[in-house]
Amino acid sequence: MPSISPRLVAERLTLSYGDTQVVSDLDVSIPDGRITCIVGANASGKSTLLRGLSRLLKPTDGRVLLDGAVIGSMKSREVAQVLGLLPQSPVTPEGVTVVDLVGRGRHPHQGPLRRWSSADDVAVAAALAQTGTSDLAHRNVDELSGGQRQRVWIAMALAQQTDLLLLDEPTTFLDVAHQVEVLDLLADLNAARGTTIVMVLHDLNLAARYSHHLLAMRGGHIVASGIPDQVMTAERVEEVFGLANRVITDPVSGTPLVVPLGRHLRAEPLENLEMKR
Numbered sequence: 372m373p374s375i376s377p378r379l380v381a382e383r384l385t386l387s388y389g390d391t392q393v394v395s396d397l398d399v400s401i402p403d404g405r406i407t408c409i410v411g412a413n414a415s416g417k418s419t420l421l422r423g424l425s426r427l428l429k430p431t432d433g434r435v436l437l438d439g440a441v442i443g444s445m446k447s448r449e450v451a452q453v454l455g456l457l458p459q460s461p462v463t464p465e466g467v468t469v470v471d472l473v474g475r476g477r478h479p480h481q482g483p484l485r486r487w488s489s490a491d492d493v494a495v496a497a498a499l500a501q502t503g504t505s506d507l508a509h510r511n512v513d514e515l516s517g518g519q520r521q522r523v524w525i526a527m528a529l530a531q532q533t534d535l536l537l538l539d540e541p542t543t544f545l546d547v548a549h550q551v552e553v554l555d556l557l558a559d560l561n562a563a564r565g566t567t568i569v570m571v572l573h574d575l576n577l578a579a580r581y582s583h584h585l586l587a588m589r590g591g592h593i594v595a596s597g598i599p600d601q602v603m604t605a606e607r608v609e610e611v612f613g614l615a616n617r618v619i620t621d622p623v624s625g626t627p628l629v630v631p632l633g634r635h636l637r638a639e640p641l642e643n644l645e646m647k648r
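For the record, in the sequence shown the residue sitting at position 262 is 633 according to this note's numbering, with numbers rising by one throughout.
These are computed hints drawn from the structure, not numbers from a lab.
Just to be clear, a hint being listed does not mean it is correct.
[Said to hold, decoys possible] Have a look at the derived ranges for each label pair, beta carbon to beta carbon:
| hint | residue 1 | residue 2 | range |
| --- | --- | --- | --- |
| 1 | His-478 | Thr-620 | 39 to 49 Å |
| 2 | Lys-446 | Arg-405 | 47 to 57 Å |
| 3 | Thr-620 | Gln-452 | 24 to 34 Å |
| 4 | Gly-633 | Ser-488 | 55 to 65 Å |
| 5 | Ser-376 | Gly-466 | 20 to 30 Å |
| 6 | Met-445 | Asp-403 | 14 to 24 Å |
| 7 | Asp-471 | Ser-447 | 17 to 27 Å |
| 8 | Asp-513 | Tyr-388 | 40 to 50 Å |
| 9 | Gly-518 | Val-623 | 34 to 44 Å |
| 10 | Ser-488 | Thr-620 | 41 to 51 Å |
| 11 | His-592 | Asp-390 | 16 to 26 Å |
| 12 | Val-493 | Ala-558 | 19 to 29 Å |
| 13 | Ser-488 | Asp-600 | 40 to 50 Å |
Backbone N, C-alpha and C fix where the C-beta goes; we use that ideal spot for every residue, glycine too.
With the hints as extra help, turn the sequences into a complete structure.
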């Protein structure tokens with residue numbers, strides 16, 4: 372029986388800003404119905420790759436395929452009906468209220484023969500409730516804290532109700548409790564609806580805990596991909612981040628847990644570190 376290609380694929384993808392090449396000749400297949408996290412040091416190409424996959428950035432070479440079609444040749448509304456995107460540091464329209472911003476997530480589903488309906492109201496209300504922003508619905512977005520604004524933008528992405536969801540640092544500006552709440556929400560969305568999720572995350576331990584698939588980037592290249600246990604090794608973390616570390620098992624999730632070592636601890640064996648706890 373022939374295998375079915377993943378819905379989102381990059382082939383020999385090269386991405387640049389002007390004359391500066393950032394991502395070089397990548398082949399990427401995003402596993403359907405799974406959570407993929409992209410990790411790497413600053414300027415490794417993580418956000419650029421996400422921009423290329425979402426067609427925000429036109430490839431210098433190669434192509435991105437969405438459901439077998441070159442994404443750059445598709446109509447914007449057609450893409451937005453199946454692929455949602457939360458970019459890094461999105462720009463908030465001046466004077467817009469929370470409920471109006473979240474409602475913009477429903478625009479791809481509107482058209483000459485499809486006006487705003489009760490189903491749209493339900494989708495917006497659900498997105499607000501899921502992100503804990505219902506009580507902010509009628510406030511102006513520019514009055515909110517950074518963490519509140521981030522949750523509102525996530526609500527807009529959820530209201531879009533797409534099969535694929537790409538998020539660039541969705542936990543930015545959030546405290547630890549809200550980071551876990553948002554990632555739990557995305558995990559629930561994946562489990563309940565089978566939504567394919569791709570996230571750029573800086574926190575390696577949260578990436579290992581919440582992803583089914585990891586892509587580790589360095590210098591515009593993918594240096595490792597696979598399940599967290601395969602990718603998140605001490606040797607790989609040091610290669611990608613230049614960080615002396617130990618990798619142990621997270622006692623809660625059973626996933627890899629990266630323990631950074633300061634200069635004064637690098638020579639100590641792991642069992643000595645455990646004894647000091």
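Quiz item: Against which earlier hints does the structure fall short, listed by number upward?
Solution: 2, 3, 5, 8, 9
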